[in-house]
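K.L.:
As a plain string of letters, each chain reads:
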Amino acid sequence: MTVLELTSNRHNPGIDPLLNAWGWEIAVYLFLGGLVAGSLILGGYRVLKSPRRQAGESYPWGPLLGVLLLSLGMGALFLDLGHKLSVGRLYLTFQPTSPMSWGAWILLLVYPAMLAAALLYPPERVPFGNAPLARVRAWSEWVHARPRLVQGIGIANLAGGAALGLYTGVLLGTLGARPLWNSAILGPLFLISGMSTAAAVLHLLSMVGANAKQDSFGDLLLSGLVRLLNKDTGKSSMVRYDQSFMTIELALIGLWMIGLLTSTTAHRAAAALLLSGAWAPQFWSLVVLTGLVAPLVLQHFEFIGRIRHTVIPPLLVLFGGFFLRFIVVGAGQGSHW
Amino acid sequence: MNRRQFLGIGAGALAAAGLTSILGGERARAATLAKSGLRTIPTFCDLCFWKCGAVATLRDGKLWKIEGNPLDPLSRGRLCPRGTGGVGATFDPDRLRRPLLRARVRGEEKWNAVSWDDALGYLALKLEAIKAAHGPESMAMFSHGLGGNFLKHTLKAYGTTNIAAPSFAQCRGPRDVGFRLTFGDDPGSPERTDIANARCLVLIGSHLGENMHNTQVQEFAQAVGSGATIIVVDPRFSVAASKAKHYLPIRPGTDTALLLAWMNVLVTEKLYDAEYVGKYGYGFEPFAASLAEFTPEWAYPETCIAPEIIRETAREMARHRPATLVHPGRHSNWYGHDTQRSRAVALLNALLGSWGRRGGFYVPAQMDLPGYPYPPYPKSTKAKVDNPDQRHPFAYEALTTGIREATITGKPYPIKGWMVYATNLVRALPDERLTLAAIQELDLLAVVDVIPSETAGWADIVLPESTYLERYDDLNVELFREPFIGLRQPVVESPDDQKPNWWIARELALKLGLARYYPWKDIEEYLSTRLEKRGYHLADLKRDGIVLGKKQPIYFEDGAPAEFATPSKKIEFWSSQLQQHADAHPGVKGFDPVPRYEPPEPCPSGAYRLLFGRAPVHSFGRTQTNPILHDVMPENELWLNAGEASRLGLRSGDRVKLRNQEGIESLPILLKATERIRADCVFMVHGFGHTAKGLTRAFHKGASDVQLLTRIKVDPLMGGTGLNDNFVSVVPV
Amino acid sequence: MARFAMVIDTALCVGCSDCVVACKTENDVPEGFCRDWIEEEVRGTFPTVQLTIHSSRCNHCSSPPCVSCCPTGASHVHEGGVVLVDHGKCIGCKACIEACPYDARFSHPDGYADKCTFCIHRVEKGLLPACVAVCPTHCMHFGDLDDPESEVTQLVRSRPYHVLTPEAGTQPNVFYLTRGR
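Protein chains in written order, with my numbering: chain D, 1 to 337; chain P, 1 to 733; chain E, 1 to 181.
Treat the hints as calculated values from the structure; they're not laboratory data. Computed from a predicted model, the values in this text were never measured in an experiment. Note that the Cβ used here is the ideal one computed from N, Cα and C, for glycine as well. This list has only true hints and no planted wrong ones.
Below, computed lysine to any residue pairings styled on SDA-like, alpha-carbon distance capped at 25 Å: (1) E:K89 to D:E25; (2) E:K89 to D:G176; (3) P:K657 to D:L6; (4) D:K84 to E:F33; (5) P:K589 to P:Y282; (6) P:K131 to P:A383; (7) P:K245 to E:A11; (8) E:K89 to D:F78; (9) P:K62 to E:H108; (10) D:K84 to E:V77; (11) P:K152 to P:L444; (12) P:K657 to P:F620; (13) P:K156 to P:L510; (14) P:K126 to P:D443; (15) P:K245 to E:Q50; (16) P:K62 to E:H87; (17) E:K125 to P:R76; (18) E:K89 to D:G88; (19) P:K245 to P:G227; (20) P:K511 to P:E128; (21) P:K279 to P:A292; (22) P:K62 to E:G32.
Some chain D residues near chain E, calculated using beta-carbon distances under 8 Å: (23) R10; (24) G14; (25) S86; (26) L90; (27) G176; (28) R178.
Using the sequences plus the hints, can you model the full thing?
P.N.:
Now the structure itself:
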């Protein structure tokens, strides 16, 4: 006989009636972590591909933005901690079975990689503080004189980004108590989604920069990034990257769902939460349609010149990337054995 | 402790160690505890009337927890959830803190805090005024529990005889009268049920396990564990039903038909205990003859219980007799002919030979401890007001509802004052409207309580009592399997200006010039005086909480006296008392010498019969503000058959209101759509839906059954208020 | 190596919540929270109904996901297999709460993850856990499964039992006896 009525007099806040221990803070943290991971990978790739600074190029802003966004993400995580004063405990130990412990250490290692990448492409001028800039530029020259070191920085960015991006998904994927999360696909999925959102940010920044006046600070800030765009066609390499990332992302979501649907009853029920259950409206509308299908289609038409190039597709990608995290965190807590 | 020692502990050793640390060397224990900042003080519980022995633990001088006293035969070292959560009563932020005088109109719950001297002075003035104008009998008292003893004493000394408790006419009265008419004695409280040794336990009108009478539930689990056959008769699939071999989903109100059919089977198939009946029975032949028409086939359309099930369960009962216990229940005011139904329960037990037998009803023992030698109370010239002309001839206790009626009508003489102790009268008596109407007739409503109940809200003066953990009370001289005396003693001090009832009663008596009724100065002197008379010492009780008497035989077969205080000195299958009354008052209905079946009022279409009961974590309406117990069960739910719920388009978790036959609406209540109840009735746990503003934690949580119980079927024999003929419709909010 | 376990006879349990209340007082569990609770399962259609009652709590799993996911080592396995949280080490990240298939943990108002301790402070003094010691139906038993003579070992050897959500693979150490069959 199947259970018709299940009652419990447990009443713990955050646990009952439905688990809700992790809220928006964790979604923000996973989103920003993924975004930064993506920008590390793109930046690392850039470093390996063209280690030499090109004339007039200044490109510290990607990594510096990464430092800022990652700190914001960690701030959100910190907000979520119940015992904030003990946060240092994370760094008094390494727990090899705990993704969160891995994550804590990865975060710590990612910062120097990003700063080193920033050092490779110092700006030529800044509105103030040109004296320290001179010193920074000297360091940059010093690094550039050592190709193995530059290569190392590139690899560190690539590896750190991959580790960070994978970690944001693995963190959830190892929590077997929540069948929705219980998939190895979440690691690659969040990694690719992170790269997609990073590409969208760079794409956005380049668009803002392209429209800016030559001498403005905004242009200065973005001039390096603009080089990533093919000015002749107005078609960005970032757009091309992003189209591939989103296609892969859709495929990974499909694989994830197939994995769940072919598993136990609990896993099937978990998949159903997203596909047809309580979270389905948000999942289909916010993540799949708005966050993936719509930008894919729009950018395709932009690419072949059928419609005007606007900021809308990258904004949609960011929107979808955040809601992917938000919905996976929320629905996962609603899935149970 | 080294690793080996620690890891070597087995469960048996654990249990043994646990027990020795409690039972073993009192001095050693005290020393260990003192070292750890812990101190234990034995007392007995007051979360219900069971009065379980308990041991409170203080940690660094503050009350920490309370556990069962292993020496106590009632708790056997384990309290029920209410008892365990009893500590919550002391830190309940809603509790009364200082004496309050009504500031404006009654029921507005606006107060002025006053000193005890002023409060008691005011109370004494009012009492004197009532006495002068109407005589002391015009002052009535309502009380619940042992704590009321001293206030009752003061009011008796003052001169009133009108003292009642809802526990009779609103609770166990019909059962006790039914059993008294049959066996000459009632099942008592704690009930003399030998559940632990029963081989077959029949629950008809009892939901043990939800009804958390500690010893009974412990013994129930023992019976289940030892494989006793459990038969449960209930319109609701109770917790007990889930343990039963036979669950009989009876149509509400037809229990007597089932009982008669069972007895018909026992008699026609000659399965009853003929030797026992022959030896102790009176009037068996005419009784047996009266059963002839009540066949299982006759009972089927009434009860919805198939004839073969009735036969099978009757035979099952007979197979295990005399260790077949048909539980007498406790709250037994259902349909207005409840004494007769209880008599049928008693007679079924008599046929099975279970009264006085192992596995049935044992013969309880009590220690001989005389009361305090007070001077005699003043003689009253007036008859008690609650039962004029003995219209309910078998009411051997005063009727609360009778006093209420007299208060409203002023007949046979006016009642002008109520003293209410530890009972929430507005919620304890059915039809709140009548209680409020009676209160309007009063010159004085005084309430002594721990929490600001609805009744306190209507009072002119409210006196805050210390909780049971902060006071001495009278001794509990228990009538039980083995005789014992229990002591309640203060464990901690009252946090504010609360006072123990003995102090309030004594001070009031002094203000009333009744000093000669209080020859003792303080409670310890009183307790000592009573104890020393029989050679017991207060110091021993303060240390152990309990003193056990000598065990006595408790079964007839072991030599317990087989005595029956009926006119025939036998078990009255044919009641000579009912016969006598019927002869004297021809035409008066309900006094048949053998039980007869009266069908319940049919349920109007679209409505459900409202049934109510207990939950294990709450006592009446008195514990809903206890922070610990509130946490476990903050509100009640309306049980509605799942099929009915879906028919009404309702789901579990929806909020609904109930509307009774007079259009009275309840507060919103959570719906529990369940397969655990018949489709013709709904059920809720009693005690919720508080409307007193001071009960902030419980305010408007759940709904109150009492507000909907406006149709009262009065038992002609003893004045009990039958409440199960109230019908409600379920209205979505 | 000892392996502490709880064995609960569902046939006797009446779901009175005494275990819940005793735990609250013994362990000063803050108002609004509980470390153990009562679950009821109803199967069937009236009047052919089955009701199963479980007193539930942390299962002190032999393969505890809450311990492996803890980034600071605050969640740990104590002697006797008891899963505990070192409050001082806990940062309140709630990963263990997410990791528990029984939802047995919660965030204590003071910030750390909290849950049943098997009343280890009592057990180390030779007492039974508060919930076991108070149970009016004597349906709960506690002891060492590695001791062949212990009551819990005898019970799981002689009676059919089940654990909760075995498919989660955590190897729980709270066992529920079922009658006969």
